[in-house]
Structure formats: C-alpha cells, structure tokens
Amino acid sequence: MTDLDRLIHEPARLRLMSTLYVVEEADFVNVSARTGFSAGNLSSHMAKLEEAGYVEVKKEFVDKRPRTTYRLTDFGRRAFEAYRATVAELLNGPQP
Amino acid sequence: MTSIDVKQLEATAYRGSFSDGLVDVFVGLGLLWIGASWILLPSLVPLSVVGPPVIAVALFPVRQRVLEPRVGYVRWTAPRRHWERRQLVGLFAAGATAFGLAAFLASYAVASGETLPEARTFAPAIPAALIAIPAVAVAVATGLGRVWVYVLILVAAAGVTVAYDLEPGWPLAVGGLGVLLGGLWLLARFLRSTPRRA
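Residue numbers (the numbering used here), protein chains in the order written: chain A, 1 to 96; chain B, 1001 to 1198.
Please keep in mind that the hints were generated in silico from the structure rather than gathered at the bench. One or more hints might be untrue.
What the hints assert, rightly or not - Derived coverage of chain A by chain B (criterion: at least 3 residues anywhere in the stretch with Cβ under 8 Å from a Cβ of chain B; other residues may be distant):
1) 12 to 26
2) 30 to 36
3) 65 to 78
Said to hold, decoys possible - In the DSSO-like style, the derived pairs of lysine-lysine whose C-alpha atoms are separated by at most 27 Å in a straight line are:
4) A:Lys48 to A:Lys59
5) A:Lys58 to A:Lys48
6) B:Lys1007 to A:Lys58
7) B:Lys1007 to A:Lys48
Just so it is clear, CB atoms sit at the ideal spot from N, CA and C, and this is done for glycine as well.
Whole structure, please, built from the sequences with the hints as guidance.
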C-alpha cells in the first residue's frame, strides 16, 4: 500500500503546506490570518516543517519591525506534490 | 473531493486578498472626485485626474498601519504575478481603445459638422462607459461578484443621465459613491472580523 507522508498528513501541517504551496512566500501574520492558527500552534508546526527541510524561515527587520517569512523549499514542494498524488491514488485508484 | 485542488485554493486566497475593501474605497473616492469636479467645476475637469494619485498616496499609510498588521505580507507565485501584469496591460488597452474610439467619433463630428442626434443624446454617458468597460474586464478576470454590482450602478446612473440629459459627471459621482460605500462596508466588516496579529 502507498505510504502517506505522516509529517504532511497531520491536519494543521497539511493546512500550512497547502497555504504556502499556492504562494511564493508569506509572513507569519499572513499565514496566521489565512489559517486562523494561534501564534504558538503556528510556530510549533512550522518548526517541524523547517526541521524536515520542507519550509525555509527568514527572519528580518522591515521598517524597524521584526518579520518572519515562510516559503516552501523545492524539496517541500516536491513532497507536497507527492502527497497530493498519493492521496489521489488512494481515493481514485492507481493513475494510468 | 478526490484530491487537493491547489488552483482553487490559490484562486480563493487571491480573491480573499481583496476582501478588505481598500481598493474599492480608493476607486470610489477617485470616481467621486472626478464626477464631483465635473459637476461643480466643469472648466477644471482635466485637472481632476490628479485626484486619484493623491488619494492613493493618502491611503497608503492606512494600508500600512491598519491593514498590514491584520493581513501581513504575501508574495504571489510568478504565474500569478505575470497574470496580474497581463490583466493590467489588458485593462489599460481596453480603456485606451474605448477612449480612442470616443475621441475619434468626437473629432469626426467636429470636423464634419455632422453629429448624429443619437450621439448627442448618449454623449453624457461616455465617461461612465469608459469606466464600465474596464470594470467588466476586472469582474471577469477576478471573479469578484461585487464588481458586477458596481458596473450595474454605473450603467444605471449613465441611463438616468441620458434620460434626464444631465452632466456627464453625474454617473461618475453616483457610481463612485456606490463603490465607495461598498468599500467602506467591506472595510468595516473586515476590521471587525480580523484581529491585529502584529
């Protein structure tokens, strides 16, 4: 049986991966607003995705304010695409 | 749903980025400014076009201080940015073509000394039509339903202007007021429902 990527399969992280997949990059405020996740929840899941090499985190100062920006790495994009393909295969059967 | 529809996710996220209503406030104020100038100071109409850039500069701090702490920063994908650029060029081309056509007809009428009675009748609606045509393009491109409502307001106001032989500024002022009120309502709803996160 095809294995799902357990790291992505967790609902909160799946939400974060799909949120980041459709943009080039987004900051903490934007991801939090689009997902509705609390700061703590968001940080802890992002830390796991960063540890796996799926997400790149950039911390900088913009107009003297700290800004944390997230973007999917190429590895993360491929992992998400593989996850989507696996889900489709599990639900629809193997694709020709 | 048998898979994750990323195109749908992206389109929804992109449309959502216009849900704060600030663009509507800007466009509404700009149209209202030009329309009101046309009604109150007809001789200074060409100068009224400086209004929208002034309004854009004035609204920039509003975006920075009020909206950004709530919506943050996002950079869309390269295909979406290219799409935006194409839409802007298309919008400009549609507006310029419509304007060119109107200018050509007007200059032809002046040069030949012949004006069709219908042309004279519909002339006050031309400025509103010049706004409504690109607005239709925006409605189609973005899928934002409210832009169709704005187009309807503009067309209805243009119809009343023709029927009652009013100044061309009226449909712009009324359309602008409609867009402004829609934008203010969206902005108020957005500020109520979206807390500051930074």
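Hint check results:
{"no.": "1", "hint": "12 to 26", "result": "holds (count 8)"}
{"no.": "2", "hint": "30 to 36", "result": "holds (count 5)"}
{"no.": "3", "hint": "65 to 78", "result": "holds (count 3)"}
{"no.": "4", "hint": "A:Lys48 to A:Lys59", "result": "holds, 17 Å"}
{"no.": "5", "hint": "A:Lys58 to A:Lys48", "result": "holds, 15 Å"}
{"no.": "6", "hint": "B:Lys1007 to A:Lys58", "result": "holds, 26 Å"}
{"no.": "7", "hint": "B:Lys1007 to A:Lys48", "result": "holds, 26 Å"}
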